[in-house]
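Each chain is listed here by its residues.
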Amino acid sequence: MSSLEDLYREVILDHYRSPRNRGELASPPAIRVEGFNPLCGDEIVVYLDVRDGVLVDIKLTGHGCSISQSSSSLMSAAVKGKPVSQVREIIANFKQLMMGHEASLGSDAVPTTAELRAMGELAALQGVVKFPVRIKCATLAWNTLAQGLDEVA
Amino acid sequence: MAPGDPVSSFDPRSVRADTPLLRRVINERPITYLDSASSSLPPRAVIEAMSRYYEMRHANVHRGVYQTANEATAIYEGARESVARFINAPAGANEIVFTKNTTEGFNLLAKSWGYKNLKAGDVVLVSEMEHHANIVPWFQLREVNGIEVRFIPVNDDYRLDLTTIDSLMENVKLVSLTAMSNVLGTINPIKELAALAHRHGALFAVDAAQSVAHSPSDVTDLDVDFFIFSAHKMLGPTGLGVFWTREAILDQMPPFLGGGGMIADVRVDGYTPATGPSRFEAGTPPIAEAAGLGAAVLYLEGLGMENIVEHERHLTHDALMRLASEFDGRVRVIGPANTYSRGGVISLDVEGVHPHDVAQVLDQFAVCVRPGHHCAKPLMRRFNLAATARASFGPYSLTRDTDALVEALHHAVTMFG
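So the protein lines, in turn, are chains H and X. FYI, in the working numbering the residues of the first sequence are 1 to 153. FYI, in the working numbering the residues of the second sequence are 1001 to 1417.
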């Protein structure tokens, strides 16, 4: 059972049951981006309020499995109020974390304990890399966020 | 049980013993395979038939003159005859076309027969419970020649809404329906609907992918015009499907894929297609797979399709009762609640737990179910679902598989509170 508990950590279940930053922002002015996972039907809508290079607010709606929903909730908590440049860094770090199953085959890209600590609660999603089919669930919100930021730029 | 009752000769435990994959142990538990609607597990006889071909008789079919080439041809054509017998094709093996799978069969139907016989304004009538394989090829044909694709609605009781069928039949040239829904388990009244289609001057095609391993298939008795299925859903190998139609229709269908094997003659100024099923079998066919399908047919005939129906009805009844009683309403079955005209495909919606999470937790208990939309998105939309977790039975299934399913479902429900 250990690997299942690795996947469904308490933090993940908590964010699934009580998702953060749930809701909508008036668009415009907010940017509205939709993400869709055609394989499992997961849907997400991300609303971004970007002012003077800062992601002032973020809201999410949609439905999906616990991994996609908790990942989007964790993401919103991690990026809200941060400068866009830092948000992009967090996105890059998260995607690196999700590539762990490939990286562990010999590269030095596996995150160190210090790096995981720096990611805070996001590190709880590390267990997903042991379940390759679920990685696309975890990255759906992140890809949608990145797409939204590209629209700002 | 009366003496001579066919059920007495059928023992699912021996089917289980014949199926090597069911010996697998995963996470220290014996595998509980509940995904036969997706792909069924081949018995040893099927695997050995394929090995025997590769070990002793491997050669290409149809043109060799040496011993093994003749044997390979005999295996391939023998499988065609076995399939013709299995579905009671009126003109025998000449009506059996080997395809890659059910999906290719429907593409053959749409792109060969449909392309030639349907024109703008003609209607192909399908239903909301069809697999994408029986929807998308018709949409593709619509782009080419402007046909209309019309849908029979599905009722809240998960059965076809036939109240307006006579008006739906207007301008219909082909009715194309699944014999058994791969999501709901619903078994449709094919014989009655085929008769109705014929009364309206339309032909009738059957998606038999789900039904073929779970009920007798008699195209003569059903009086249908096309019958399409896959080997791997009837204990056979992947990579091989069957397309049946009446000889008179087949003879008028233009070739679909061009190349070797499907021609009578090729010149620098053109070609003449072959006659019979080979006109639709361009290139080296799946010979080992045909050997496997032939063995699968013999195996199913040995079990007796009526026995399989009875066994799976019992399993389904038991599973539906337990799912309805054990979870305080938190586990909902998306499909008919009784076993009347219903097969052993059980789609589940677990309150508060996404189907992917259900399947993930079940996997930890070595219980194999399938999460997703099951290639039936119009049906999912109809019932406002993104996905279901689907459990499905085969002839090797036992009530102990349901025990494992129920136990693992309790864990999933508890885990997500």
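These are calculated hints, taken from the structure and not from any lab test. Treat the hints with care, as some may be off.
[As the list claims (entries may be wrong)] Covered stretches of chain H (in silico footprint by chain X; criterion: 3 or more residues with CB under 8 angstroms from a CB of chain X, positions within the stretch not fixed): (1) 7 to 20; (2) 136 to 145.
[Said to hold, decoys possible] Listed next, the in silico DMTMM-like pairs over lysine to aspartate or glutamate satisfying Cα-Cα at most 20 angstroms (straight line): (3) X:K1377 to H:E43; (4) H:K136 to X:D1218; (5) H:K130 to X:D1218; (6) X:K1191 to X:D1218.
For glycine and all other residues, C-beta sits at the position ideal for the given N, C-alpha and C.
Tested hints:
Beta-carbon proximity to chain X at under 8 angstroms applies to 5 residues in the stretch 7 to 20 of chain H; the threshold of 3 is reached and the given coverage holds. Closer than 8 angstroms: that is the beta-carbon criterion, and the stretch 136 to 145 of chain H has 1 residues meeting it against chain X, so the requirement of 3 is violated. Proximity of X:K1377 to H:E43 is assessed by CA-CA distance (about 14 angstroms); at most 20 angstroms being required, the pair is judged to hold. At roughly 44 angstroms between alpha-carbon atoms, H:K136 and X:D1218 are farther apart than 20 angstroms, so this suggested pair is violated.
For the suggested pair H:K130 and X:D1218, the alpha carbons sit about 47 angstroms apart, so the restraint of at most 20 angstroms is broken. A C-alpha spacing of about 10 angstroms is found between X:K1191 and X:D1218, which places the hinted pair at or below 20 angstroms, so the restraint holds.
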